[in-house]
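Asks: Sequence:
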Amino acid sequence: MTRLHHSQNSASQEPAVLLVPGLDGSGPDHWQSAWERELPDARKVDLGMWDNPHRNTWVNKLNLAVHRAGKPVVLVAHSLGCLVTAWWAKFEQPGWSEPVVGALLVAPPEVDFFPRDERVTRFAPTPADALPFPSILVGSRNDPWINFDAARMLARRWGSAFVDAGDAGHINAESGHHRWLNGRALLDRLIGGGLDTASRPAAAAGTLPIHSDWAEGLEYRS
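Residue numbers (full-length UniProt numbering): 1 to 222.
Careful: at least some of the hints might be erroneous.
Claimed, not checked - Using 27 Å as the maximum straight-line C-alpha spacing, the simulated BS3-like pairs for lysine-lysine come out as follows:
hint, residue 1, residue 2
1, K44, K90
2, K61, K90
3, K44, K71
4, K61, K44
No lab work stands behind these hints: they were computed from the structure.
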């Protein structure tokens, strides 16, 4: 992967929010589309080839978007976009919270064992390294794309705080998540430094409660 460089003053800038869709993109009723419309300095990354994903192409396009932002970045990934994020971190090996200062990872799919769609196997194997930035992984108990325990284990592997979203399907428009205000609350917490992981490459063990009608807390998994 091509490494790009830019200067930034993270202390004086609010981060850009880059929305990373998954397979087949995020349609107009998807919460990522709503966030793009409603949030300042938020935009979807155009990965292209939405119905025919190619891992390295998608990772390179994310890399370009991250560095063209010219400021600190928070990634908000849904479904296969979570794997794009993890592969970007593995290939680019950025410094801790530089230039990506955090990631919200929502409903990542199973790509290694019995995937729902064979196209996602192009992103296998799932990267096993801890992510080099604070992150929250949101899993649903009835997500048809991944077993709940597998999602929890993935959060452990990536060093992410884990949120149990209950029976939320794939957390997309089809499951009724159009604006997804609970997710916005998680994003606000991530941007506001509520994870307190700025000096640690992986979260420490423990539980951090959050106020939400569907999640009792963030589980820190080392």
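Asks: With reference to the structure, classify each hint as holding or not holding.
Replies: Taking the hints in turn, this is what the structure says about them:
1. For the proposed pair K44 and K90, the alpha carbon gap of about 21 Å is at most 27 Å, so the pair holds.
2. Annotation: proposed proximity of K61 to K90 holds, straight-line Cα distance about 15 Å (limit 27 Å).
3. For the given pair, K44 sits about 16 Å from K71 by alpha-carbon distance, which is consistent with the 27 Å threshold.
4. Proximity of K61 to K44 is assessed by CA-CA distance (about 12 Å); at most 27 Å being required, the pair is judged to hold.
Comparing the model with each numbered hint stated earlier shows that all of them hold.
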